[in-house]
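Chains X and D, in that order, are what the protein sequence lines are.
Each residue of the first sequence is one higher than the one before, starting from 2 at the first, in my numbering.
Each residue of the second sequence is one higher than the one before, starting from 2 at the first, in my numbering.
Bear in mind the hints are in silico, worked out from the structure with no lab data behind them.
All the given hints hold, so there is nothing to weed out.
Identical copies carry no separate label here, and so any pair may be met within one copy or between two of them.
Each computed DSBU-like pair below joins lysine-lysine, with the alpha-carbon atoms no more than 30 Å apart: (1) 193 / 26; (2) 26 / 124; (3) 164 / 124; (4) 92 / 26.
Residues per chain are reported as follows:
Number of protein chains: 2
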Amino acid sequence: MADHNALPLVILAEKFASLPGIGMKSAQRLAYHVMSMDMHSVEEFSQALLDAKRNVRCCAHCQNLTEREICPICSDESRDHKIICVVESPKDVTAFERTREYNGVYHVLHGLLSPMDNITPDKLRIRELLARLSAGGIEEVIMATNPTVEGDATALYVANLLKPLGVNVSRLAFGLPVGGMLEYADEVTLFKALENRNFM
Amino acid sequence: MADHNALPLVILAEKFASLPGIGMKSAQRLAYHVMSMDMHSVEEFSQALLDAKRNVRCCAHCQNLTEREICPICSDESRDHKIICVVESPKDVTAFERTREYNGVYHVLHGLLSPMDNITPDKLRIRELLARLSAGGIEEVIMATNPTVEGDATALYVANLLKPLGVNVSRLAFGLPVGGMLEYADEVTLFKALENRNFM
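Could you put the whole structure together from the sequences, leaning on the hints where they help?
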């Protein structure tokens, strides 16, 4: 925004533009939108930013984001605490919870191994996962990282650390997405679907 | 976001989702991003929202957004105050300023006439434009609203109000965009380009 623009607007647009997926053009549009909101809504938005950052932390068990010391999933006694689903980020927990089919608990790594970006095992919450396993009582760990190079590498790395502890380690199944069309499936997905076929 | 998510995060995501062009999925991603920002940056963002809303107002002359009573363009004596370019929103002022060719002043309507959305002439800053003209000294008013149904209707409506005041009213030229390709131009644009052709 050129210098004829009001400085507070330029600063606000820069803040929006610093968020992922928001370019300078959209950021400017958002800043103008804030001007058209009433004062009360802007104050609420401003406070929501502070509240989220100040009051949300990682669950002492699963490392998912929560307001409490132990998150609602880890404190839920009706869930199966013998199965841990290992995911990359809190978003993935939300995705699994939406299925309403998974009744175990989670462990959020907060990232995937990526030596190129200097994300080494000590940057992830792997130590905390090992600590949960040493405490005993875990029967299965499901590696539910994305089917990407980093996701597969992380799953393999963690699995190799866990197997010597005598726990069952599994990986999510890969195949055709439900409702997907054969002709649009890429070769690797189709090969995985063929390889992991189930007898009827 | 399901109820296993921390409440402050759900609230923050809802605030982001209330902004134009941001869906619930992106809003959730942005809320998680805020968690990964350092406390200082979040406080700055929070403050920027308040500052923009509290310290920015409409220029008493042109109605553009500014921190001062009179905006830098209206207070610039080197500009030609006899020509007023009428635009829909502050964004359009930025667009004209980028050309570095326009040396007149502006008038921001803050919207376009749209009876369907209940945006009637009294909702726009038309009264303020008429007041500037009554003060005298204006030679030309350029109607620079978008070439859309609402933009054209607003230009026509305002032009009809201004003409009896003995001021020249002009409209932006429509034609092929510079660098554009004939084959991709729509019929109406091509017709306008033909109609408004210039002899060489």
